[in-house]
Every structure is written in structure tokens, then in C-alpha cells.
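Peer 1: From first to last, the protein sequence lines are chains A and B.
Numbering-wise (this note's numbering), the first sequence opens with residue 9 and increments by one.
Numbering-wise (this note's numbering), the second sequence opens with residue -2 and increments by one.
Quick caveat, the hints were computed from the structure, so don't treat them as lab data.
It cannot be assumed that every hint is accurate.
Unchecked claim - To give an idea of the interface, some chain B residues facing chain A are shown, with a C-beta separation under 7 Å as derived from the structure:
no., residue
1, Gly79
2, Asp85
3, Val89
4, Thr167
5, Asn171
6, Phe173
All C-beta atoms in this analysis are idealised placements derived from N, C-alpha and C, irrespective of residue type, glycine included.
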Amino acid sequence: MTRDLLTGNAAAAWGARLAEVDYVPAYPITPQTEIIETLARWISDGQLAARMVTLDSEHSMLTAAGAAAATGARVFTATSSQGLVYGFEMLYTIAGWRVPLVLVNVARALAAPITLEPDHNDVLAARDSGFLQLHAETCQEVMDSILMAYRLAEHPDVLLPVLVNLDGFYLSFTREPVDLPAAEAVRAFLPPYEPAHARLSASHAMAQGVAVLGGSAYTFFKYQMQRASEAALSVHDTIAAEFRERFGRGYGAVEGFQLDDAEYVIVMSNSFSTTGKGEVERLRARGEKVGLLRLRLLRPFPHELIARLLAGRRAVAVIDQNISVGKGGILFAEIASALYGRGGPPLRSVIGGLGGRRFRSVEFDQILAALRDAELNGGSPEPWLLFSESEHRQMLDMLRTAHGERAESGS
Amino acid sequence: MNTRREIYKSIKEVPREEFLAGGTGLCAGCGGLLALRLFHKALGPNVVFVNAAGCMTLLAVFPFTPFHSSWLYTAMASAPAGAQGVRDALDVLIAKGKLAKTDDLNVVVVSGDGAANGIGLQSTLGAVFRGLDFYYFCYDNEAFANTGFQMSPASPLASRTATTPAGTPTRKENLFELWRAQQPAFVATVSPAYPLDLMDKVARAGRLSGPKMFISLSSCPPGWGIEPADSVEVARLAVDTGVWPLKEAHGGEVIHTVVPHRRHPVEEYLRPQARYRHLFEPVRQEPVLQQLQTDVDDYWARVAR
Chain A
9 MTRDLLTGNA
19 AAAWGARLAE
29 VDYVPAYPIT
39 PQTEIIETLA
49 RWISDGQLAA
59 RMVTLDSEHS
69 MLTAAGAAAA
79 TGARVFTATS
89 SQGLVYGFEM
99 LYTIAGWRVP
109 LVLVNVARAL
119 AAPITLEPDH
129 NDVLAARDSG
139 FLQLHAETCQ
149 EVMDSILMAY
159 RLAEHPDVLL
169 PVLVNLDGFY
179 LSFTREPVDL
189 PAAEAVRAFL
199 PPYEPAHARL
209 SASHAMAQGV
219 AVLGGSAYTF
229 FKYQMQRASE
239 AALSVHDTIA
249 AEFRERFGRG
259 YGAVEGFQLD
269 DAEYVIVMSN
279 SFSTTGKGEV
289 ERLRARGEKV
299 GLLRLRLLRP
309 FPHELIARLL
319 AGRRAVAVID
329 QNISVGKGGI
339 LFAEIASALY
349 GRGGPPLRSV
359 IGGLGGRRFR
369 SVEFDQILAA
379 LRDAELNGGS
389 PEPWLLFSES
399 EHRQMLDMLR
409 TAHGERAESG
419 S
Chain B
-2 MNTRREIYKS
8 IKEVPREEFL
18 AGGTGLCAGC
28 GGLLALRLFH
38 KALGPNVVFV
48 NAAGCMTLLA
58 VFPFTPFHSS
68 WLYTAMASAP
78 AGAQGVRDAL
88 DVLIAKGKLA
98 KTDDLNVVVV
108 SGDGAANGIG
118 LQSTLGAVFR
128 GLDFYYFCYD
138 NEAFANTGFQ
148 MSPASPLASR
158 TATTPAGTPT
168 RKENLFELWR
178 AQQPAFVATV
188 SPAYPLDLMD
198 KVARAGRLSG
208 PKMFISLSSC
218 PPGWGIEPAD
228 SVEVARLAVD
238 TGVWPLKEAH
248 GGEVIHTVVP
258 HRRHPVEEYL
268 RPQARYRHLF
278 EPVRQEPVLQ
288 QLQTDVDDYW
298 ARVAR
């Protein structure tokens, strides 16, 4: 084992390298590109015995990735944001093929307006596709999740592709110490892929992805996917336990931070959870009994576990770094459904961190105040969209400046 | 009529083995299916078809497939990218010793003209640009036939489709030349009415590594408005009138493999088809008919130069 300072992107590349993948179809997009650049270098140097090909689009990239997995290869690919939604059709297709592809998404907010920094509208748009989803907070977790993702995807009770998410910029370009296990240790955890169900060869003719006629046949296959995804909950826990035994790092479907005695809980995901944890510590130092629940396994959604962990709290705030326009926070709705009918705590929905917007400490003070209000008054108010007076003034100032310059230039 | 056939010189040489069973859900008299059957005979059994959405998608319907070979339905836009993934995976698995060399497959994209000429063109040109070693079989029935015969970029001038009821206002996109511009290993037009020409091209192309395209004019009884029994005859008229030139290119030069020595009038091809009926009834559209004949004459005049 060695320890190195790696960016989130480099950690993702290391995950693919240690998984000894056979094939990497690629297409560049910021902020994912460092992953494929790193893999290209290793393949060129002979450090990774894989084939890499640059396709003409993410739609083609995902098609090639799924088709190679359907042929029997272990396949890795990565994209981000516009790329993920450009290839969106193939997410459903590949999941329906039941092939164990691992796809990394480096989260980035979706156009328009076109931008570079992260939120989770890209990855959460894929939540209904059948891909399992693991959301990572740290660079170490990125690498570990990729290794676990192959075990999960290739498990005979699962056989669904896995999407591993990391936040663009905040994690993709941040260096953190990462323990890199030895290749033999990883091989013992993740043996070479031996496809039993989906493969193509002259001695094994197979029709894959065939059409169905009628709702019964379609439903037959979709329900199998649902059952397989449900099975992935316990498979994940088994794999996570083995991972902890071998490598000393454990991951649950969710992570609790200062949760045991917490009266008020904030639910977050991905790299901004690090900010949330810092705020929890600050509030704890003030004597507030606040904790944080970080969502990691988003598909399958661990309803029971979440309901158990949130039961008996005074109030819970879900911070969504996404916006379902016209509805509100996507994860809020999912948490609310997990708690429904169980007499759970009152909830508040907060939307923040869109397009990489940073959270401010004062906002966590306000969230705590809102939780106290929820405890007293219950109800389920409209989603609270974080945006400060000063930010708003800044936007108006920028517009005034632009108008002023236009007037000066006489155009 | 000149022929350059090397492998299939007589109909007796066509293998009796069938790799594509009958009884599929496709329309009676489908010219595309006949061409695919011949194509498969020439290619042999070790094939994986990578399919884009279209008529042929209805060949493999759960839990049946008419193929002795393999099949992977992908999506309408990206079958060539699927072929890339399959080809690369086979190569990598063979190189790593995970798959025996004898387990190798010929990778074949099968799509209609809607995918080949339109939505799938980006992934197609990508695969050709990368020099992917694959076959592309395009059954060109000159419309989105599977969805009820709407206009595609391959619909010919003046032909009626469900979305061009007064006749298609544009000329047929030149897919052959789009391919040839990138100098693929092989690009050819074929016809189900000329089985030896079709099979000989496939067999000769099989000696070459790289992208190999076969565009088959595919007579379509419901879309063209012809009797299933006349399907082959109409496909033959397309060649004999010069409307559908049978040709190939490898390494740049275009070679016409079947040259009708005395071309029949184009009208003989148009008349039997309901999609051209508006050119004859209720009043004869002389300028349009003239234009269609002139287009064909001009083509062959260029070829003869």
C-alpha cells in the first residue's frame, strides 16, 4: 500500500486502474477530462492493459461502453453534466441490458446558463435509469467506491451498472491523501470479471437487447431490475464489510456524523457534506445538538435505514444541491417518502449549492432556526432557496455596470 | 452488363445453409430481409448484428430470434458505436487470452436508411474515421418505413411518403459518396434482385480490414405500394432503369459492377409503385417525369466519361 496526494479525478483513474479494466471508451468534458488523460497515459506507458478509444459523443461513448460490457469485457468510462444528459438514452438501455458497467460522473450544473461548477441535477436526472448510484465525499471514497462498484455491478444478484458521482472542481481538482492498495490486495477483493449472463462469442451465440411486444413482457423485465436493485442494498453492505476487513475503511449506504445524540439533523450528500460537517462541529461547540446524515447510496434508496436513523429527531432539514424546477429539492421528496407514515420528524427543504454556490456559516444558523420552527409548528413549507441580499445586490450591480459601459460606448 | 465476380459466379454456388430462419414478423416481400439473408450467407455463421431502431428491430422479439448468430439492439443513433464496443471488447479479450481466437465474430451494423443517412450519421462517420473493422448493412427502403413510411434523407425526389403527400421535394442523400469521401475499406450498393453481385461483394470485402458498407435498395411492398410478389421485380427494375446503380469503391475509384447496356425508361420502374402514382394520375406530371429521367441520364453520362 502507498499513500499519495491525489485529485478526485486521479483517484477515479486509480480506481479504474486497480480494477484492471479491459476497455475505456472516452469523450472529453470539463471537469472530467483529467480522468481519461490519466488513463490514456497509463495505457500508453503499458501500466494498464486496457484499450481506450475516443468516440464521437457521449451517446456513442456510452453505447460502446455498454456494448463492450455486453460482449464480456470489464469496462470503465466517465463523463459529466452535458455529457451525461447527451448520452441519457443509453443509461436506460445499458441498465436494461443488465451489464456491469461502472460510469463515473463528475458533477457539474446543467445549462442553461452554461457553467462549470457542480450541483447534482446531472447525476440525479439519471436516478430512474436503473444505474445504481454511489456518491462520494472524498478522493479516497472515490477510488474505494469504484472498486466496490465493480463488485456490486458484477454480483449475480445485482447485474446492474453503477454510477459513481464526485463533485466537479470541489473534489475533481482537490488533492487529498489517498491510500492506494497493492494490486494483489485489490485482485483478492475484486477478481477478474467472468461474465456468466451476457457475452458474445462464436461458440456462444446470444441475442441481447431484443424487443418485447406488450406490457406484460416489458413489465417482466422492469420488475426484475427493481428486484435486483433492491437486492443491491444488502449486497452493498456485505461488500462494504469485506472491504473494511481488507482495507480498513468502511462505508455504509449512508454516513452519520455526530448523529447518535443529535436532536436536529441536516441531510446532505457529496463533497459539500464536508462543509456541512464543519458547520455541525461549529454548532456543537455552541452546545447545539446537531448532526449530519450524508447520503451515499442513492440507488437503491435505503428507505428503511434512513427512516430508522431519522426516527425520534426533533426536526430534519434536507439540503438539496439540485432543483426540480416547479417542485423543489429532489432528495427532500425522497427523504419525505422514506419517512411517510412512520410518525417521523417534521421536515424542512433547503436548496443551495447550485452551480457550485458556496454555503455560508450564517445559513446553517438560519437552517437550525428553521428546524426549531419546524419542531414547534410542523407543516411542510415551500422549499427555501438560499440566496443572500448581498448576492442579489452584486448581480444588480453587475448588470448596472454592463448597462453603463454599453451607454458609454454609445452602442 | 459487365460483372467482376470472383467468388460467386453461379447461383449454384450460393450456400444452401440458412443462418436467418423464416417466419419473422417482417412484411411479406421485404426486399431488405432478402438482401440480409444473402448477406448473411456470404458472411457465414460467426456474426454479431448490432442493430439500430428500424424494421429489422422486429426480427428479434422476446423470446425468439431468427438468427443462428448473435444480436444486440442498441439505439437508433449509435449502432456503429455499439459495433465499436463489441469489436474492441472481442479484440481485448482475445489479446488477453480470455477468449479463443476461434471465438471471434464479424461485427455487422444493421440499420435502415433513417438511421444510416440521418440520426446515426455522426456515430457512423466516427466509426469510419477510426477505421473500425466492421460491416454495415443498410436496408434502404427510402423512408422511415417501420413507423409508417415517413420521409427520410434517402427518400427520392417526387416519391410520396406519409409526410410528403405531394411528393418529396428533395433529392436522395448520397450515402455512398458520404462514405467514399472517408476512403473506407469497401463501400458498395447492392440489390436483392442481384444476389450474385451482392454476395460476391460481401465475400471480396471480407478480405479487407476496416469499415465495409453495403447499401441495399430494399423494395418495400407496404411503403412503395407494390405487391409482395413483385418486390424482386421492382428491385430489378431499379437497376435495369439505371435508378439504382450497382457499384463499389475501395481505395477511391468507383467501379460499376452491373451496367445495364440498354437502360429501360425510368417510367417502367416508377409506374408499378403507388408512391409515384401521383405522377401519372389524375394528370401526367410530364416535367417531373422528365426531371427524374434526366437525373438518371446525367448520372450515367458522368459515369461514362
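Peer 1: Compare the structure with each hint and give your call.
Peer 2: Do the hints match the structure? See the list:
no., hint, verdict
1, Gly79, "holds (4 Å)"
2, Asp85, "holds (5 Å)"
3, Val89, "holds (5 Å)"
4, Thr167, "violated (25 Å)"
5, Asn171, "violated (21 Å)"
6, Phe173, "violated (21 Å)"
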